[in-house]
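Trainee: Read off the chains here:
Protein chains: 2
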Amino acid sequence: MPNLQVGPTVQGYIQRAKAQRRVRVAVVHPCSHDALAGVVEAAHEGLIEPVLVGPWPKLEKLSEEAGLDLKGFERIDVAHSHEAAARAVVLAGQNTVQALMKGSLHTDELMSEVVKQASGLRTARRISHVFLMLSASYHKPFLITDAAVNIAPDLLTKRDIVQNAVDLLVDLEGPQMTPRVAVLSAIETVNPDMRSTVDAACLAKMADRGQITGALVDGPLAFDNAISAAAAERKGIHSAVSGEADILLAPDLEAGNMMVKQLVFLGQAVSAGLVVGARVPIVLTSRADGAEARLLSCALAVLAAGARSRR
Amino acid sequence: MPNLQVGPTVQGYIQRAKAQRRVRVAVVHPCSHDALAGVVEAAHEGLIEPVLVGPWPKLEKLSEEAGLDLKGFERIDVAHSHEAAARAVVLAGQNTVQALMKGSLHTDELMSEVVKQASGLRTARRISHVFLMLSASYHKPFLITDAAVNIAPDLLTKRDIVQNAVDLLVDLEGPQMTPRVAVLSAIETVNPDMRSTVDAACLAKMADRGQITGALVDGPLAFDNAISAAAAERKGIHSAVSGEADILLAPDLEAGNMMVKQLVFLGQAVSAGLVVGARVPIVLTSRADGAEARLLSCALAVLAAGARSRR
Chain F
13 MPNLQVGPTV QGYIQRAKAQ RRVRVAVVHP CSHDALAGVV EAAHEGLIEP
63 VLVGPWPKLE KLSEEAGLDL KGFERIDVAH SHEAAARAVV LAGQNTVQAL
113 MKGSLHTDEL MSEVVKQASG LRTARRISHV FLMLSASYHK PFLITDAAVN
163 IAPDLLTKRD IVQNAVDLLV DLEGPQMTPR VAVLSAIETV NPDMRSTVDA
213 ACLAKMADRG QITGALVDGP LAFDNAISAA AAERKGIHSA VSGEADILLA
263 PDLEAGNMMV KQLVFLGQAV SAGLVVGARV PIVLTSRADG AEARLLSCAL
313 AVLAAGARSR R
Chain V
13 MPNLQVGPTV QGYIQRAKAQ RRVRVAVVHP CSHDALAGVV EAAHEGLIEP
63 VLVGPWPKLE KLSEEAGLDL KGFERIDVAH SHEAAARAVV LAGQNTVQAL
113 MKGSLHTDEL MSEVVKQASG LRTARRISHV FLMLSASYHK PFLITDAAVN
163 IAPDLLTKRD IVQNAVDLLV DLEGPQMTPR VAVLSAIETV NPDMRSTVDA
213 ACLAKMADRG QITGALVDGP LAFDNAISAA AAERKGIHSA VSGEADILLA
263 PDLEAGNMMV KQLVFLGQAV SAGLVVGARV PIVLTSRADG AEARLLSCAL
313 AVLAAGARSR R
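If you read the sequences in order, they're chains F and V. If you're matching positions, the first sequence starts at 13 in the numbering used here and goes up one per residue. If you're matching positions, the second sequence starts at 13 in the numbering used here and goes up one per residue.
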């Protein structure tokens, strides 16, 4: 199994995004150095056309202190972070921008505007979060979901989380892609005392019945059986997903969050986060992200927005 | 931060265990090639003095086929795996053996004998499982608990899980050790919608109040804040545990299990499992364990049993 070259793969996404038509992105309250520097970098790289939505005096001062040139960037002056979130969501609802990017406000503050019925951004689906993971120990990029938005999803929410991730991966990789989804648990058998195993059985059947489309879904699978065909073999598991999983569905936010952070902090993986299931992709970067991860998140949003505009 | 050299550290545990007085270990139903080979290897290494408890004709046949020499090994002939579990537990209750080792029977079959009131092996504590993890990405060995026995522990069970892990680490490292325990969640703040954060706050306070002893306990901590002082710093967290965690308490079995397997299968970590909280340590190895992990598990049981006998 050839291992993934992480650096070139990141660059691959970025180059593909740059080759697309530029996407207008409303950047919500980029009032910290990291947030503003990230936007400037993505714009200078030719990845996005930013619309800065924030209190202008604050942004002006920050850009001067940090030596960041905001010339030529579209700007919408608002009083505070709350208004920034509300205005940015309106821009997305009107299709004036094709993606949103969180700045230095709290995730909840942005998301509560996004999920309002009047926002025009909601779909029939629950909104969820995906991390694209690039690890030198696995032979291809994969998604971990949901490690950031849905705390303890029930079965129907998990269904939406899976479908959102599947749709994103097809947007990223093209319509020939049929993502393989591993529904993770601690064991491979169904045990009514462990809800994730029951949900896994249900999700696999939902894919059989067309309640989840465009994906091969199997579970319950323990982590090793999901990512290693040899491990699955040893347990006598015959699954089209084992060893080839593209999407790992975590049983809950905690398990997902720990997997992502462990891979990044002990495994030198690169991760990039995106909120999906709304009408536009939403870039969520964290303070801990490096420049590479921030650009990658933008690139994913651009690729996803581009695929949507062509549908 | 110097990285851990995994190989020498494993050998260090094994050498220390070999330097101790030999420990008698009842090996329960070692009727698969892996299980029997593991025992023979540990005995020949001078780690343990095995008492084989299993159906003798079966063991004889297996040893001949596999070319494993059982000469000199004490043996107790029983009819089947269930009787093997029951007899081994009696030997431990009588202090005829100082540790148990699971062979090729199901974990539940062995554990249901151990937890019976009449076994004499139960203590006031809940029984729990620990994995000792050796990763080249972290600067010291650490424990992940409970990734194998308690599915969804409540607060009092988590208290016992923590105390069991603390006691084991002190047994392994000596009485000068004050283990640092990170109670993991997905976030660092208390949120009543995420039970692990509430439990974490309670466990930290229980350590303050002497309901957990001999340890520094802090939480809720996200994975990165537990193992990286720099990550904690960025979040403004001041904790004696951050970056120096010796024990990671998982919120539930699923999260723990995924962390362990991810570290082993994507991070090339070595793990060794042990059941603690009973009067004797119980070695649980899995089919996926290599020779190194199997010997390490034995070494941990020997060190733990030795420390107990000196108390």
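Mixed in with the good hints there might be a few duds.
You can't tell identical chains apart in this list, so a pair holds if it fits in one copy or across any two.
Mimicking EDC-like on lysine to aspartate or glutamate, the simulated pairs with C-alpha atoms at most 20 angstroms apart in a straight line are [claimed, not checked]: (1) Lys30 x Glu121; (2) Lys83 x Glu245; (3) Lys247 x Asp46; (4) Lys128 x Asp81; (5) Lys30 x Asp205; (6) Lys217 x Glu304; (7) Lys217 x Asp81; (8) Lys247 x Asp301; (9) Lys247 x Glu121; (10) Lys30 x Glu95.
Calculated from the structure, these hints are not laboratory results.
Trainee: Pop the pair Lys30 and Asp205 into one bin, within, between, both or neither, using alpha-carbon distances up to 20 angstroms.
Mentor: Answer is neither; intra-copy 48 angstroms and inter-copy 41 angstroms both fail.
Trainee: Given identical chains, is Lys83 near Glu245, meaning Cα to Cα at most 20 angstroms, within a copy, between copies, both, or neither?
Mentor: Neither: 58 angstroms inside a copy, 34 angstroms across copies.
Trainee: Is the C-alpha distance from Lys247 to Glu121 at most 20 angstroms within one copy, between copies, in both cases, or in neither?
Mentor: Classified as between: cross-chain Cα gap 19 angstroms, same-chain 45 angstroms, threshold 20 angstroms.
Trainee: Tell me, please, which holds for Lys30 and Glu121 at an alpha-carbon limit of 20 angstroms: within, between, both or neither?
Mentor: So Lys30 and Glu121 fail the 20 angstroms test inside a copy (30 angstroms) and across (59 angstroms) alike.
Trainee: 20 angstroms Cα cut-off: does Lys247 pair with Asp301 within a copy, between copies, both or neither?
Mentor: For Lys247 and Asp301, the Cα distance is within 20 angstroms only across copies (13 angstroms; inside one copy 37 angstroms).
Trainee: Tell me, please, which holds for Lys217 and Asp81 at an alpha-carbon limit of 20 angstroms: within, between, both or neither?
Mentor: Classified as neither: same-chain Cα gap 53 angstroms, cross-chain 49 angstroms, threshold 20 angstroms.
Trainee: How would you label the pair Lys247, Asp46 (within, between, both, or neither) given a Cα cut-off of 20 angstroms?
Mentor: between (46 angstroms within a copy, 14 angstroms between copies)
Trainee: Quick one: Lys128 to Asp81, C-alpha cut-off 20 angstroms, is that within a copy, between copies, both, or neither?
Mentor: neither (34 angstroms within a copy, 71 angstroms between copies)
Trainee: When no copy is specified for Lys217 and Glu304, does a C-alpha distance of 20 angstroms or less occur within a copy, between copies, both, or neither?
Mentor: neither (38 angstroms within a copy, 40 angstroms between copies)
Trainee: Taking 20 angstroms as the upper bound on the Cα-Cα distance, should Lys30 and Glu95 be classified as within, between, both, or neither?
Mentor: neither (31 angstroms within a copy, 68 angstroms between copies)
Checked against the numbered hints given earlier, the structure breaks hints 1, 2, 4, 5, 6, 7 and 10 and satisfies all the rest.
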